[in-house]
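A.B. asks: Those protein sequence lines, which keep their order, are chains B and Z. To convert, note that position 30 of the first sequence is 30 in my numbering; the numbers rise steadily by one, no gaps. To convert, note that position 20 of the second sequence is 20 in my numbering; the numbers rise steadily by one, no gaps.
Derived from the structure by calculation, the hints contain no laboratory data.
Stretches of chain Z that chain B covers, calculated by requiring three or more beta carbons in the stretch to come under 8 Å of a beta carbon on chain B: (1) 15-24; (2) 53-64; (3) 140-147; (4) 176-182.
C-beta: ideal position from N, C-alpha, C; glycine also.
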Amino acid sequence: MPEPRDCDAVVVGTGPAGATAADVLTGAGWSVIALEKGRNHLLSLEAPFAGLGHVSNDEIKSLRRYFLGPDPFLEPRTYRRDERDGDRLFAGEVNNLPSTVGGGGFHADGKLPRLRAVDFKPYSSLGPIEGADIVDWPVDYDEMEPYYAQAERLVGVAGDADANPFAEWRSGPYPMPPGADMFGAALTTEAATRLGYHPYRAPTGVNSVPYDGRPACNNCGFCAYYGCPIEAKGDPIAPLRNALRSGRCEIRADSYVERVLLDPAGKQARGVRYRDLDGDAHEVSARIVVVAGGAWETPRLLLRSGLANSSGLVGRYLMYHFQTFVIGRFPFRLHGHRGRSVTHLHDDHMIIDDDVRRFAREHGLPYFRGGLTEHGGGGGPVMEGVYTSPGVAHTREMLESTMRDRMWAFTIQGEDLPQATNRIDLDPSVRDVHGFPAGRATYDVHPHEVVASRYYAPRLVAVMREAGAESTFAATSPPLEGDRAGRRSASMSRHIMGTCRMGDDPATSVVDRWQRFHDVENMVCTDSSVFPTSTGYGPTLTIVALAIRACRDLAGLPKLTSSRPR
Amino acid sequence: MPRFLTDHEHGVVSAAVDRLVPPLDAHPGGAALGVADYVDNLLGAFTFDPPRIFAGGPFSGRFGGEASFARFIPLSPHEELAWRTRIEGSRGMPEREFNGPTRGWQEIYRNGIVALGADFCEVDGDEQDRRLHAQGELRGVLYVHACEGAYGPPEYGGNRDRAGWRAIGFEGDVQPRGYTDDEVSGRA
Ligand SMILES: Cc1cc2nc3c(=O)[nH]c(=O)nc-3n(C[C@H](O)[C@H](O)[C@H](O)COP(=O)(O)OP(=O)(O)OC[C@H]3O[C@@H](n4cnc5c(N)ncnc54)[C@H](O)[C@@H]3O)c2cc1C
Ligand code: SF4
Numbered sequence: 001m002p003e004p005r006d007c008d009a010v011v012v013g014t015g016p017a018g019a020t021a022a023d024v025l026t027g028a029g030w031s032v033i034a035l036e037k038g039r040n041h042l043l044s045l046e047a048p049f050a051g052l053g054h055v056s057n058d059e060i061k062s063l064r065r066y067f068l069g070p071d072p073f074l075e076p077r078t079y080r081r082d083e084r085d086g087d088r089l090f091a092g093e094v095n096n097l098p099s100t101v102g103g104g105g106f107h108a109d110g111k112l113p114r115l116r117a118v119d120f121k122p123y124s125s126l127g128p129i130e131g132a133d134i135v136d137w138p139v140d141y142d143e144m145e146p147y148y149a150q151a152e153r154l155v156g157v158a159g160d161a162d163a164n165p166f167a168e169w170r171s172g173p174y175p176m177p178p179g180a181d182m183f184g185a186a187l188t189t190e191a192a193t194r195l196g197y198h199p200y201r202a203p204t205g206v207n208s209v210p211y212d213g214r215p216a217c218n219n220c221g222f223c224a225y226y227g228c229p230i231e232a233k234g235d236p237i238a239p240l241r242n243a244l245r246s247g248r249c250e251i252r253a254d255s256y257v258e259r260v261l262l263d264p265a266g267k268q269a270r271g272v273r274y275r276d277l278d279g280d281a282h283e284v285s286a287r288i289v290v291v292a293g294g295a296w297e298t299p300r301l302l303l304r305s306g307l308a309n310s311s312g313l314v315g316r317y318l319m320y321h322f323q324t325f326v327i328g329r330f331p332f333r334l335h336g337h338r339g340r341s342v343t344h345l346h347d348d349h350m351i352i353d354d355d356v357r358r359f360a361r362e363h364g365l366p367y368f369r370g371g372l373t374e375h376g377g378g379g380g381p382v383m384e385g386v387y388t389s390p391g392v393a394h395t396r397e398m399l400e401s402t403m404r405d406r407m408w409a410f411t412i413q414g415e416d417l418p419q420a421t422n423r424i425d426l427d428p429s430v431r432d433v434h435g436f437p438a439g440r441a442t443y444d445v446h447p448h449e450v451v452a453s454r455y456y457a458p459r460l461v462a463v464m465r466e467a468g469a470e471s472t473f474a475a476t477s478p479p480l481e482g483d484r485a486g487r488r489s490a491s492m493s494r495h496i497m498g499t500c501r502m503g504d505d506p507a508t509s510v511v512d513r514w515q516r517f518h519d520v521e522n523m524v525c526t527d528s529s530v531f532p533t534s535t536g537y538g539p540t541l542t543i544v545a546l547a548i549r550a551c552r553d554l555a556g557l558p559k560l561t562s563s564r565p566r
Numbered sequence: 001m002p003r004f005l006t007d008h009e010h011g012v013v014s015a016a017v018d019r020l021v022p023p024l025d026a027h028p029g030g031a032a033l034g035v036a037d038y039v040d041n042l043l044g045a046f047t048f049d050p051p052r053i054f055a056g057g058p059f060s061g062r063f064g065g066e067a068s069f070a071r072f073i074p075l076s077p078h079e080e081l082a083w084r085t086r087i088e089g090s091r092g093m094p095e096r097e098f099n100g101p102t103r104g105w106q107e108i109y110r111n112g113i114v115a116l117g118a119d120f121c122e123v124d125g126d127e128q129d130r131r132l133h134a135q136g137e138l139r140g141v142l143y144v145h146a147c148e149g150a151y152g153p154p155e156y157g158g159n160r161d162r163a164g165w166r167a168i169g170f171e172g173d174v175q176p177r178g179y180t181d182d183e184v185s186g187r188a
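Here chain B stands alone, though its shape is the one from the complex (with noise of 0.2 Å):
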């Protein structure tokens, strides 16, 4: 007789690949217990799961005031280059995604590209660059295709599946059409495609009719960095409503995973203990441990459970997106505070011609790519005085609004390439509220993303002066400008990936390509821990893709198939 269980499966996290793991798995009948350390404002854990209304259009309480956690008081993380740094160079906010019911889906602005069929296996279309590792994925687009289609129907994503010239192959329409487009957006994509570019309506997962019984986003602008008041966005809260009303999950919000438990024998996951609000611990016994912490929580939490690191290579790979923003201000307003935050992209600048070869030779490289390029508008105005100078130049900046109402940014998400020596892995002596160590990531950039950013940010400011701005302006997180001495901040990056990466070789890879552990074959990760290299789009759709394949395969339910249309 096996002992009883708790449940069949136990899931780490609830962000966009819990939620999806805890849909598809009660949804193939199995009983599942998700496990959150934040706070839960999403929805109402009984029937019908209505949403609970605490957040709202409230600059202050959702980027002043840490509402959707975590607090870098109660969980700070910290942060260095390299060794020379000593053991960090700051505590406190470092790439910072919501911790609570949702994790950063909820208040993602959802723009949900897919990858393209060369970011599946850079290594063999592009080849390997010195000092990174670059390695194709064990998957490839024609398999994921089917599995892209059901997450776009899972989120509920809006788009124009026409309009990309670079996308790849589509089984079908989008499930939506594209919302409304943005002033700015109008403004900046007819200027590049005067100058030779592909903008086109970005695919988001924000409903723009009603879908999945919930409304049409009203563009009340709060978007990037809110909760959606209305429940418009789609992630998380459509796969997490999904598997609460099959009546199989359990979500508990305040729930702090402390570590994983083995078996004795030290081959399989038999649970995980947590921390309640009070500090007293439990068990959760299961047959599968799905762990979905983020790429950055995820190898903390193994690192510490002391766990499937046969490789060495738990919370290596560390990759972000190399952000350039290119800042362009207007002679009138824009009111780029009106709409989803960013409503077109453009993926020229991760096109490899020959005018970027020959830049790449002459900087030592065979080739780069940057990313996707987003056309999105200006913050809050909290954010724009904190920005400005205190005094008369204040005031006249905030009348003027040139960092704001006038302002319009290009965003580049570059493609960050892997590299070992960029890792998370335990500070030594910073802790959190539980008295466990602090996450620490130590990461310096690759000359690739630096090299891509220099080719590709004259460009942008182009289209920006195109565009009718009166002055631009261009930057980098982490920054670029000075010497090393002078460039210390952390990425602001919101897209982390790589810190568990999937393969099949269990010494060069964590988890295999069905997103199990080669050493604890009962636990699958689900998150972007496991990607082997960052692309230049954003990740979550993937993560979405991927853990509907994997879960699927878990629980014995047959692929999904697609094919190309004529």
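Position chain Z with the ligands against the provided structure of chain B, taking the given hints into account.
C.D. replies: Then chain Z with the ligands, alone, in the frame of chain B:
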């Protein structure tokens, strides 16, 4: 009714904030926007129940829906720990010092206001600027709080009558009305 600041301190904060966020043309400046009330609400957040840290949702009532921002959301025990530490300081309490001591905003304001001088409100603007510059810690904290108090939702005590938003041409929170497609895509 002040929650933490004395009348004198309230006056000094108002005078100081008008140097950092001064009135100009249509902008009434930090004092008239009620930044000192915002600061007082924050420093005295724990004299309210629930504490005035996270305003409620989903709507303020300004563009329809039931007004719910003013119903503040109760804090979890950990959130209370974090916010009490920020506001009151760690004061040698081990549970607040797991990564070392924190100086609280109450102390930064109280000591900083004393250091600005009892006659701060009477001296001229240039002298006020000089004294503020000499109190870098207070000036830094106050400037951030001034921006929050001038341009944040009025439920936190500042942005009186939404005059901060009006001055800068910002509609503020607009749910559940939102913006029409024309307001998003059109020039006006
Ligand atoms: C403003 C913003 C805009 C964004 N826009 C986009 C975009 O347009 N497109 C895109 O693709 N991506 C975007 N992102 C990124 C996106 O939010 C993330 O890729 C996504 O949330 C990752 O999902 P995840 O489930 O892997 O991790 P997360 O969303 O980080 O969720 C992990 C959850 O696990 C919980 N957890 C972690 N450790 C534990 C533990 N030990 N015990 C219990 N719970 C734990 C965390 O509290 C968290 O809630 C954006 C992010 C931000 C901040
Ligand atoms: S812009 Fe739309 S999706 Fe974004 S928060 Fe507002 S209503 Fe929700």
